[in-house]
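Line by line, the protein sequences give chains A and B. Going by my numbering, the letters in the first sequence line up with residues 1 to 893, in that order. Going by my numbering, the letters in the second sequence line up with residues 1 to 137, in that order.
Among the hints, erroneous ones may be present.
The calculated lysine-lysine pairs, modelled on DSS-like cross-linking and capped at a C-alpha distance of 27 angstroms, are [claimed, not checked]:
no.	chain 1	residue 1	chain 2	residue 2
1	B	110	A	752
2	B	91	A	662
3	A	455	A	494
4	A	779	B	91
5	A	465	A	414
6	A	465	A	475
7	A	846	A	779
8	A	846	B	110
9	B	110	A	698
10	A	205	A	165
11	A	310	A	342
12	A	752	B	122
13	A	862	B	122
14	B	2	B	69
15	B	110	A	757
16	A	150	A	262
17	A	47	A	137
18	A	662	B	57
19	A	220	A	240
20	A	217	A	165
21	A	698	A	757
22	B	57	A	700
23	B	91	A	656
Just so you know, these hints were derived from the structure itself, not from any lab.
Each chain is listed here by its residues.
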Amino acid sequence: MKKNIVPSGHPKNEVAIVKTYADTLLQTMREPFLVLNSSLKAVYFNKPFERRFRLKRKSVIGISIAEMGELRFADSEFLKRLRLVSKTGKGFEAYELRLKCGHRGNCIFKVNARGLRLPKDALKNISSAAVKFDGSKFILLGFEDISEKKIFSEQFSITESRFRKLFESAKVGILVLDALTGEVLDVNEHSVKMFGYPLPEVLGKRVWELEAVKDVKQAKNALKQLQNNKIVRIPDMPLKTKDGRTLHVEFASNVYGYNHLKVIQCQLRDITDKLRAQEALRISEERYRRIFDEGVLGMAISDRQLHFIKVNRRFCRMLGYSEKELKKRTFKDISHPASLEKDIRNIRLMLDGKKTSYQTVKRYIRKDGEIIWANTHVNYIRGGNGQSDFLQALVEDITTQKTAEIKLQINAAKYRGLYDSISDGIVRFDLQGKFLECNSSFRKMLGYSMKNLGKLSYYQVTSEKNRSAQDARLKEQVLKRGYTNLYEESFIKKDGGELSCEAKLWLTRDSQGKPESVWGVIRDVTRRKMTEAALQSSESKYRGLYDSIKDGIEMTDVHGRFVESNKAYQEMLGYTDKELKKMTYHDITPEKWRDIELDILTNQLLKQGFSGEYEKEYIRKDGTVFPVSSRLWMIRDEKGHPIGSWGIVRDITERKKIERLKDDFASLASHQLRTPLTGTKWLVETIQDGQLGPLTQKQKEYVDNIYQTNERMIQLVSDMLDVIHLESGKVAFAREPVPVCEVLDNLIVMLKTAAEKRQVKIVVDCGRLHSPKIVADSKRLQTVLECLVSNAIEYSPTGKDVFVEVVEEPDTVSFIVKDSGIGIPKAEQEHIFERFYRASNAKSQKANGTGLGLAIAQMLAKEMGGLITFKSEEGKGSDFILRMPVRGRPKTD
Amino acid sequence: MKRILIVEDEVFLVQVLQDNLASAGYEIDTAQDGETALEKLRVCCPDLMLLDLLIPKIDGFHVLETVRKDTRLKSIPVYIISNLSSDTEIKRALDLGADGYYIKSEHPIKEIVGIVIQRLEKGKIEECREPRTCPGV
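The shape of chain A in the complex, shown without the other chains (with noise of 0.2 angstroms):
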């Protein structure tokens, strides 16, 4: 074998040498390795180390320790150390070198430093190369990486000093256990206090084996599941304390740590208080429930808008409303508006914290609209706890005491002001007849003062010849029977008048059943017999006034049924009173006129309480039917019902004879009178046309004149008959709005021709600028207008005008129609309207005039509402005028 000489003191042949010698020994190493040389250069590595420090070889070997990838962070006293090892050899342990670890910032390194000494043939094996080799002193370095450990334990540290400082002062107790094994590795100090074990008896016993522990089974399945990494929560876990006490924890349990190092901490929170406190508030709550729903009184709670939260069945019932209603409800919506006042002022003050409570007696009204007297008693609950706050109503319904109160109070009332203020006398007297108390009315009657009468008894202010009689009421009535039938009895007034009285009498008994005195109800009748007897005279004229009128007077229920009639109208039918009274005026009346009756009834009868008169025919017990003419009235009782009717009945068949009479007439003149008139008129004509041939001078001056009183005749048949209709009344007028400017235009037009004949204008002023309207008849407007201007036309000399003015007034419009002709004698002026009256100076102006014209227009203007006047001056002319309503007739005429 070659030996390779190795010189001492070249690192190279060091290297070669310590890595033959080691590499065996140090590469099965698992902890990084380096050794240095005498000089604190690395000659050797391991791989471990290699990986460890992520060197390469080149920055390894023949490197100084100091200048070394992490380890030039090495501290000063380190490389120290190491020349001593060096030196002297001997080594050192478990130094902790803290170097920059790059971004894990600090390594932590526990380095154990060995003195090696390579013996001189540790060469042996090697290479042939001869090396004088007097043994190296190397230093061998192993590096223990506990940075993790380090880090940890630092960590640990700190969190245990805090958790101990917590543990110490924590005002729960805390328990840790081993998690493996669940034994006790430490208590804290309120564990103790709370508990009462000391250390000692609890430190390394198994947690289900402490006394306190009531429930093993559950404190070894709570075990189990923190093994489990469970998180175990207890919320009441009972256990008991050294003396004996039950304590309620609430349990709270983790594991933490891991491996070996598993922990278990508990927590103890004592909550006996707070069960306690549950308890009290579950028992009151229990209790205030009862009350609340069972109870006698009605209870109510609302929040502070008043709207009902909760209420018991009692006062549910109170109101009438389902607890479902009374909550959609406020309490305003239940109180009477009377009470409603006081309540929101106490309320507001309540809301505002300036009460607590109030209590009132008021009145509620129930669903049903009955109203109901309570007394409530409110009380302003604060919510506390974030609740909010609310307010309690204790309502007892007392509607029965109250009504019977102010019933009592009613009847007192009532009573007291009935003896006092009644009319009849009241008064009670002893056996003997004297006087014991009376009221005012009593004294009134007899006109003695209270003292006066207190001296007298009822003997004194009666009659003596009624002694007898009055022994005998006392003792068959009073005493007998204890109270007598009503009876007459004349009192003897203070001043000697007499009194005509009615009377009761009543016993009374004392306490033992004895006869005590007696009670009496004295009523004055000497006025109502005065009213009889003055009610009788005048029933008895009254009665002969009935029976001998003309008329027939009758009387009738309100289903038309005979109550009473006079003998005139049981002679117009032929009927006897009894006959009547079991019949109705239906029976007496033909069908055809129901309905006008009908109509009557309804809006004339019922709605004013008499009606028109009015025509209609009754049916005689014979069968004959004759027109009448009735007029009725309602009769009404006290409280204006109407119970009946009366009417006066007239038989018409004279007057209607006489009408019919003139209708006859009426129609007869317009036909049989006109007839001849027509043709003597047509005839006459005729011969002034010529066509009979021409006429003389003389003969036509005739024959004009039997034209003229033909003419004349006419115009008397036409007037008269106006007359005769407009006096039947059966003309009817219009009622319509005529607009006046108008008629006055067409009455020109119609009497141009007059008005030429005469040289005459019409002159017509009417008024502003609107034409006036009035409610009229068109027509007989017309006529009246064209009488009165044709009137001043045909008066006045030739070639002077007529005037026709028209005034409007606020109520009424006038026409004015002036005149400058003949005018009227002032001895004459106050029969102009009447029928066939001319004037004197008339007839000679106008020959043909009838005397009817003012009298038909007076009545046409009567009849519409208005009225013709008139100024005049003979000589001078005349100013006719006419006033017409402008809202027409009054219909209530």
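The hints should help you fit chain B onto chain A, whose structure is shown.
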């Protein structure tokens, strides 16, 4: 030549009417009661009729009604000449279809003639419902 039927029961009135209308150039036929009037109408057909109301046998109202219901006769102008003057009677006649109503005693014979001429020569005059104001000649 146009033909006029005069229905009137008073002889002297018929006389006057006939004379006046004939001299105006019309052919005249007369009837003195309603029955004769209807007979004459059946033969047909006058150009105009003057009709009184109070006539024997069948009164003027019925004659008028019949005329207006007959298709051949309904367009014949009929003027009522009567002395009945109540509003009801006038209304009744006009409602039944009379072309005019004249109260004899109030109109000169000439006026009557004029109306007839106007109607026959110049056609229908304004409808006349107010007898006293009916247009004259």
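Against the structure, the hints come out as follows:
1. B:110 x A:752: Cα-Cα ~20 angstroms, so holds.
2. B:91 x A:662: holds, 22 angstroms
3. A:455 x A:494: Holds - the C-alpha atoms of residue 494 of chain A and residue 455 of chain A are around 13 angstroms apart, at most 27 angstroms.
4. A:779 x B:91: Holds, at roughly 15 angstroms.
5. A:465 x A:414: violated, 38 angstroms
6. A:465 x A:475: holds, 17 angstroms
7. A:846 x A:779: holds, 26 angstroms
8. A:846 x B:110: holds, 25 angstroms
9. B:110 x A:698: Judged against 27 angstroms, a Cα distance of about 23 angstroms means the pair holds.
10. A:205 x A:165: Given pair residue 205 of chain A, residue 165 of chain A holds - Cα atoms ~24 angstroms apart, limit 27 angstroms.
11. A:310 x A:342: Holds - the C-alpha atoms of residue 342 of chain A and residue 310 of chain A are around 23 angstroms apart, at most 27 angstroms.
12. A:752 x B:122: holds, 25 angstroms
13. A:862 x B:122: At roughly 44 angstroms apart (the allowed maximum being 27 angstroms), residue 122 of chain B and residue 862 of chain A break the hint.
14. B:2 x B:69: holds, 23 angstroms
15. B:110 x A:757: At roughly 19 angstroms apart (the allowed maximum being 27 angstroms), residue 757 of chain A and residue 110 of chain B satisfy the hint.
16. A:150 x A:262: Between residue 150 of chain A and residue 262 of chain A the Cα gap is close to 19 angstroms, so the pair holds against 27 angstroms.
17. A:47 x A:137: holds, 22 angstroms
18. A:662 x B:57: Distance of about 26 angstroms is within 27 angstroms: holds.
19. A:220 x A:240: Holds: residue 220 of chain A and residue 240 of chain A sit about 17 angstroms apart, inside 27 angstroms.
20. A:217 x A:165: Given that 27 angstroms is the threshold and the Cα spacing comes to 32 angstroms, the pair is violated.
21. A:698 x A:757: It holds: about 24 angstroms lies between the C-alpha atoms, which stays within 27 angstroms.
22. B:57 x A:700: Violated: residue 57 of chain B and residue 700 of chain A sit about 41 angstroms apart, past 27 angstroms.
23. B:91 x A:656: holds, 26 angstroms
The structure shown violates the earlier hints numbered 5, 13, 20, 22.
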